[in-house]
Amino acid sequence: MNTNLVDLVYLFSAVFFILGIKGLTKPKTAVRGNMMSAIGMLIAVVITLLDKSIVSYEYIIAGVLVGGIVGGIMATKIQMTSMPQMIAMLNGCGGGASLGLAAASYLLTLGSDGYESGVMGVIAVSFVMITVLIGSVTLTGSLVAFAKLQELISGQSIGFAGIKFLNAALFIAAIVMLGMLCFDPTNSTLFWGLIAASCILGITIVLPIGGADMPVVIALLNSYSGIAAAAAGFIMGNTVLIVSGSLVGASGLILTQIMCVAMNRSLTNVLFGVMAEGSETIDADEIYAGKVKSAQPEEIAMILETARRVVIVPGFGMAMAQAQHAVRELCDVMEDKGIEVEFAIHPVAGRMPGHMNVLLAEAEVSYDKLVEMDRINPTFEQTDVAIVIGANDVTNPMAREDKGSPIYGMPILNVDKAQTVVVIKRSLSPGFAGLPNPLFAQDNTLMVYGDGKKAVIDITASLDLA
Amino acid sequence: MEMIVMQLALFVLSLFLGVELITKVPPTLHTPLMSGTNAISGITLVGAVIAAGAGDSASGLVHALGFIAVVMATVNVIGGYLVTNRMLAMFKRKN
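Sequence lines, in order, name chains Z and X. Taking the working numbering, I'd label the letters of the first sequence as residues 1 to 466. Taking the working numbering, I'd label the letters of the second sequence as residues 1 to 95.
Hints are computed from structural coordinates only; laboratory data are not their basis. Not one of these hints is a red herring.
In silico lysine-lysine, DSSO-like type, Cα no more than 27 Å apart, as pairs:
1) Z:K417 <-> Z:K403
2) Z:K26 <-> X:K24
3) X:K24 <-> Z:K28
4) Z:K77 <-> X:K92
5) Z:K22 <-> X:K92
6) Z:K291 <-> Z:K454
7) Z:K77 <-> Z:K28
8) X:K92 <-> Z:K28
9) X:K92 <-> Z:K337
10) X:K92 <-> Z:K453
11) X:K24 <-> Z:K369
12) Z:K77 <-> Z:K454
Extracted from the complex, chain X is given alone in its bound form:
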């Protein structure tokens, strides 16, 4: 129970931190912000690999779901960071 309360505290504090940080992002960078945070939300990869790597004790369905989760999370991570980098490079080059 203490664990869950701690995690809730972490959740709420991070929300506030997020609000403080993101209100400072200028509108010019709102699209890269979305793709960049998308890449960060690909952190589900961390949970997905645990599900996908559960081993033979798990059923085929679990493996399939874990596999799908890993694929989608990786698309988010790789696709998100690359496309953000591509956009940000455009913003940078004239200066």
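The shape of chain Z in the complex, shown without the other chains:
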């Protein structure tokens, strides 16, 4: 088929992808946007299958069948609480596909005419090797992220003191092999060495990153999978791959940046550093001793009864307890009693960007009740009750007030300004930052100890009877 025609059709699909992403800017148009993007994909795949350079179809058909079944089952069966794992898997598949594509193209070229000598040859090989590097890191990094989120391995930081140097050594080794391959593309030992080093690098980069830093990693791997696709586009000289790969790469980068800003940390700090050291060790007992008040669900229901405005602050604990449906019911009962209810969503609440929004949407909470941090923060002073469910560090007033604190400067939800703060939590144990939270010891704070879901159900039941 005429390559100009193919390129024109690719242009159509690229336009569909762009319109698709544009649709995602509003919840109302988002479903249609996703459809358009899928149509763009269909067009691109169909026109490619008509390409004359494809001589055998058996591997393609088998691959599409296997991938389609696996992807279809995953997408329809996965629980909303497991969505971070799903995204990690999809990122990994993106990286893996680019890696497979690059390796196949490399072996194919070596098996036929080889790479031409001179500048053009060097450029062609370098695209292959860059794709291999990014694709491998994305693949194995995402698998480790998946294992952490699925709790196959510990979700916390795993590593040893020198792991930074190991990563640096692996990265340098990979770059050196990449450079040598550019001038000696036939050295396939180097090629497999590059794949091995990159795969190990992906594992050792993600292993030391744990818990609350997961949203950054997920967003970053999302970006890598796009950049790998764009790099693969350079190998194939394929315009639609370049355009869509870079769109995805940009998307991931922006999400990564949003996550970093929301934690007041730089990307290098998340990837290579540990939490900033506090100037003094903060004694949890000193903060909590004699000041923490606990309450029973019935007492909370009585307070809620007289409230006019309530803000619910969900965190990863809500996802862990699968409490989103219980929370929606509490919200319904309060609204029946004429109470104004909103949800305060911190950008890094949960394990991936938008985690809380998806869970609450699953529980049929309308999205206009989910309010971003910047818009909800000024309203806490007019809020009668703030209910914190399974969130900790993102509500810690030390981030605002204590200059010596490791989390100083991190933007937080100002729940402490509410008239009454209700914290539903299993115990006084610290969050990911390992810090005590003075919020729990405030005069206007009431702790409800126990499982998030059960506590919310008990409060709802008492309030409903009242």
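Given the coordinates of chain Z, work out where chain X should sit on it, guided by the hints.
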């Protein structure tokens, strides 16, 4: 060479377009955005089918790699679009 410069231009311009587009996506939709862009990055399928369909001249290893690439890219495409659609339908239904 002109070809590569053109492609680089395309790459850089698309990056800028991506930044402009995606900064407008509200935080509520960040998860569907990630799965939706994941589906788009499954466009590697287009390259993978060319590698997998290279015919008998290619070695078994090439076929295997091409096959793996097609499987993974298809998981991205099918899984990505379906799961995005599932999530977005939840966001829509109350309105």
